[in-house]
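Colleague: Chains A, B, C and D supply the protein sequences, listed in that same order.
Just so it is clear: in the first sequence, position 123 is 124 by our numbering, and no numbers are missing.
Just so it is clear: in the second sequence, position 287 is 288 by our numbering, and no numbers are missing.
Just so it is clear: in the third sequence, position 213 is 214 by our numbering, and no numbers are missing.
Just so it is clear: in the fourth sequence, position 282 is 283 by our numbering, and no numbers are missing.
A pair counts as met if it fits within one copy or between any two copies, since identical chains are not told apart.
Listed next, the in silico DSS-like pairs over lysine-lysine satisfying Cα-Cα at most 27 Å (straight line):
| no. | residue 1 | residue 2 |
| --- | --- | --- |
| 1 | Lys297 | Lys122 |
| 2 | Lys248 | Lys23 |
| 3 | Lys219 | Lys133 |
| 4 | Lys122 | Lys289 |
| 5 | Lys325 | Lys28 |
| 6 | Lys23 | Lys6 |
These aren't lab readings, by the way, just hints derived from the structure by calculation.
Listed below are the residues making up each chain.
Number of protein chains: 4
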Amino acid sequence: MLSFKNDYSEGCANEVLEALIKTNDLKTVGYGEDEYTKQAENLVKSLVADENVDIYFLVGGTQTNLTVISTLKPYEAVISCDTGHINVHETGAIEATGHKVIAVKNNNAKLTPEAIEAVIKSHTDYHMVLPKMVYISNSTEYGTIYTKKELEDLRAICDKYNLYLFMDGARLGSALMSKDNDLTLIDINRLCDVFYIGGTKNGALFGEAVVIRNNELKPYFKYLIKQNGALLAKGRLLGVQFYTLLKDNLYFRLAQNANDCANLIREKLNELGIKEYMPSTTNQIFVKLSNEVASKLHQEVLFEDFLGLDDGVVVRFVTSFATKKDDVVAFTKILEKYL
Amino acid sequence: MLSFKNDYSEGCANEVLEALIKTNDLKTVGYGEDEYTKQAENLVKSLVADENVDIYFLVGGTQTNLTVISTLKPYEAVISCDTGHINVHETGAIEATGHKVIAVKNNNAKLTPEAIEAVIKSHTDYHMVLPKMVYISNSTEYGTIYTKKELEDLRAICDKYNLYLFMDGARLGSALMSKDNDLTLIDINRLCDVFYIGGTKNGALFGEAVVIRNNELKPYFKYLIKQNGALLAKGRLLGVQFYTLLKDNLYFRLAQNANDCANLIREKLNELGIKEYMPSTTNQIFVKLSNEVASKLHQEVLFEDFLGLDDGVVVRFVTSFATKKDDVVAFTKILEKYL
Amino acid sequence: MLSFKNDYSEGCANEVLEALIKTNDLKTVGYGEDEYTKQAENLVKSLVADENVDIYFLVGGTQTNLTVISTLKPYEAVISCDTGHINVHETGAIEATGHKVIAVKNNNAKLTPEAIEAVIKSHTDYHMVLPKMVYISNSTEYGTIYTKKELEDLRAICDKYNLYLFMDGARLGSALMSKDNDLTLIDINRLCDVFYIGGTKNGALFGEAVVIRNNELKPYFKYLIKQNGALLAKGRLLGVQFYTLLKDNLYFRLAQNANDCANLIREKLNELGIKEYMPSTTNQIFVKLSNEVASKLHQEVLFEDFLGLDDGVVVRFVTSFATKKDDVVAFTKILEKYL
Amino acid sequence: MLSFKNDYSEGCANEVLEALIKTNDLKTVGYGEDEYTKQAENLVKSLVADENVDIYFLVGGTQTNLTVISTLKPYEAVISCDTGHINVHETGAIEATGHKVIAVKNNNAKLTPEAIEAVIKSHTDYHMVLPKMVYISNSTEYGTIYTKKELEDLRAICDKYNLYLFMDGARLGSALMSKDNDLTLIDINRLCDVFYIGGTKNGALFGEAVVIRNNELKPYFKYLIKQNGALLAKGRLLGVQFYTLLKDNLYFRLAQNANDCANLIREKLNELGIKEYMPSTTNQIFVKLSNEVASKLHQEVLFEDFLGLDDGVVVRFVTSFATKKDDVVAFTKILEKYL
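When you get a sec, could you build the whole thing from the sequences and use the hints?
Modeller: In structure tokens, the structure reads:
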């Protein structure tokens, strides 16, 4: 059956697979101290044009989020959209490390400086947590992206209140290849204190590349990785994958494929007069359908019901690095049939 | 200066002080295993008409909240009003024990079955925390109280979804003596899985009496108390105080004094045409003032600015077990002057 | 350079790699709900001859240990050898989940019923943690193994004191294929409450298969996996690997290779009159060398200095599923040269 | 019945009680921001001859220990004697805040620089916790005390390895008044990064005065107090007590009484030819008795069996600020009868 369910349904990109095959029999030291990891680190440093960042490769997104946020002191809290992954979909992983997630109303699944400032102003003394980190995802959980202006404004508010800005880049590839994007990795590194480049959802079997720019967050980060069970014994698997993804822009081409496929679906929806629930230009599309239509579609295509409404359901269609144009065409025909 | 700032400004009721003086030189075993504590436990059991409850005496409210909530499993979460003490004013104490506080919009500072049900329905799988406990405070952080009907409805929804109902009774005395109250300690024990009778804000130097009815929450609770640094070495201090407060209804008379004083202030505000911001019948009064008026009042009376608004400020006047009628009269005259 | 440094230097077994290649382009649902994972679960159930166990596949050992131990209540503690991985080499991961590791003196890197009983007897009230789980590793951190008799004795003491018995099987393959082993997976499942079959160190790229027999430990375990960042998005990678490893006894043949290679080294050491520091029959060999000899060996072979002594150093030689006999022969010649 | 069971059996010193009575009806601001607390802070600053320390008053010892240790980062650990209170008698409170207690063999219940250095040398990389704090108690759990030379040596090793030195002073009064003591509060403040002056076991109803000298440990400490449920609403109760205890050396006179009483018992034991199990000069005495003798003594005096041995039992006799000489005399007569 056709599937537009998510962007982690397939294995990895062919080039990544080949690199894993080629290096499989080699012996390397463990825990990310091997040469492949070193090379991947250098590639990332070069892409962000910053020799001084610290780079670490972890396995998955929730793991990365909780490890990064565990750099906070016990009484420090992280501000997130109510729609943020750490607030909703991580089974309390952040709280399990002891930190409060201060959730504020989203604006197209994004955080605004105004919302952050309101949090700061209402947290005034030792009876309340100390807001210290701002968590954003780009692209967001609803596929929207931050513009350079928006990110600069967030940076400004973080500077004003001495907050760390942390970008969850589980879907950063798709964000960067969006037609509306005006951010580069160099910008993101400059404007964030820490962020990561997601591999799991864009061509790797698994893996997230954490980039730490702020010196306050660097010391002993590897201890946190290990303590949180996030240090892969065969660390070179991460190095090999990220080296392959990043060295010839493969990462970006894969994200482009996901976006192109999503855009084909968008065009068809547009043609059919269906508006996006939360308009985006990345690899996730949200539309509101009647329960009846959704139900019929489910019989021919795999996708997710995202949000139940009184008069219907918001469904999500997701494309990936591995989505085939033919499948998209087939899907658009099914859409035509029911919409 | 007159003070209506809070209900923990004074020491303890005279009777409590006398009991502490009388027993000061006696030698007892520590950690709540003494005779006074035993007697206080028996009094509580008799007041809730339930021999099977487990009773523990702790020092303060935040400490009690975090200890009770630490009975949850790591992935279990507690539902609270956005205005709930555990959500706002405990410096992330609950999260520090590893648990997410799921905050929902309050209705007069109270939780509704509808809000709880909405949380349950949106928490559907292992990517999200498991809502397991419902936290309410009575009287609430805004002085409102739960009726028997409301508490029964919360019990029903908790039964439906297998949730624990936990009542923070830091201000339970004032709630029970409210003219609108129709709940008894027997009702509360029947309808809640665990609750506490607050001493700190009603006649004790310090102390909260936890009543555990649900057998699932009983085992090894004293280990949790000790682990959380909440086990008082000279435990008899708690026993002596609660025995004194509860044996001849002193606890209730003290709460009545706080309510009576608050009601005198209410009457005056009413007379002056000032509406309560969130109408209540307990020892806390919230009114919206212009910044100018608030500022003038501050020069003659101690009280708290509770909530900044665009066009003024919500201030809080609090009475206590120790508030003197004369002071209330003096205060009403000041109110007359400025309102 | 020759390497006998550890058993996670190489990628995975060829058969595993082929299975990953073959399934790479397939679309599956995520988070371990796919068919491959289901098949691997069934294989494990069949190997332990128990339909009622719950099976989960996690990525790494520390992650698995902390997730399993997080089933404990906050005041419950885990008993381990002082040499246990959780006590020494996990950067406080267990304590970070809130639990004390009660470390007792090891007996050939193993726990004895006597040591456990001594812990129980000295933990008598609520001022101390409640010992609730026993952690053992098989093979141990020093390559030794538990006999059936020893495991039965541990079971008996756990039954006597109502303790969970948890076996860390990161190197279970090597233990089971040891010439001195008399345990089967069926025995282990019967005698332990929870254990895992390690893939990372025996033929998989990564992966540990957790087997939960005790019903008390089963509920909501997947919530704990997710909360601890241990739920792999592309869960089928674990299913595919374990299915391949377990379906035709590949897992055991790979472990046999590691043991065979180690035994060749053992024979040579024996021939040379060098005694093992802690005699074992698995894939790890510990010998005490003079600093001079160790230093020379380091110039030709990669291996680890394990323990500094006043008059020398205990070094560790490790073989793996991928160790080649030719390399072993080459190594024995180097040993001959220096020992 | 006579009791030499512990030093928290009685209430508080008369002078403290009188101060509490005198201030009972006053209204003060809460949470330690009152004038009495300010005065007590100033007294402590003056006693340690250091204006720059931060002073906080908490309720109990375990609470204070866990709050101080929660200043560490997640991967940092605290080194303690195996006999240390935090290692044995706090129900895993330190681990519950996420930190490993690295327990090393005690030397007369004390830590040595050699033991600390051994820990440092065996903790070499990110697979292990980072030892960062040294926990000592003075007097120790066995009544022994640190000399100035010993404390200076600990300071030196802490300086060498960048460790915080934390002294648990639950029984500091008795230590300072010991005939063998050569330390002053000024020395202790100079040599420790943080320590506390115990009130609970020396004349207060409850209370421990934390003195933070190291600037790294100062920021936001009050947030940690609140988060750990350790912030007393009526904070002035602590201020009043410590002001009274410290202003005219009452604290030291009370400790002297405890020591004097203990010394009378020591003399008698000496006369009777009974050696102390771990010789001390403070308010705790440990002697080994046959089970038969211990059993007879228990019929006439309350005291604690501390440590079961194969051929008898180590019992503990404790005196306090409130112990009466007559009771000691009566006790020595009973001792004469049985020893």
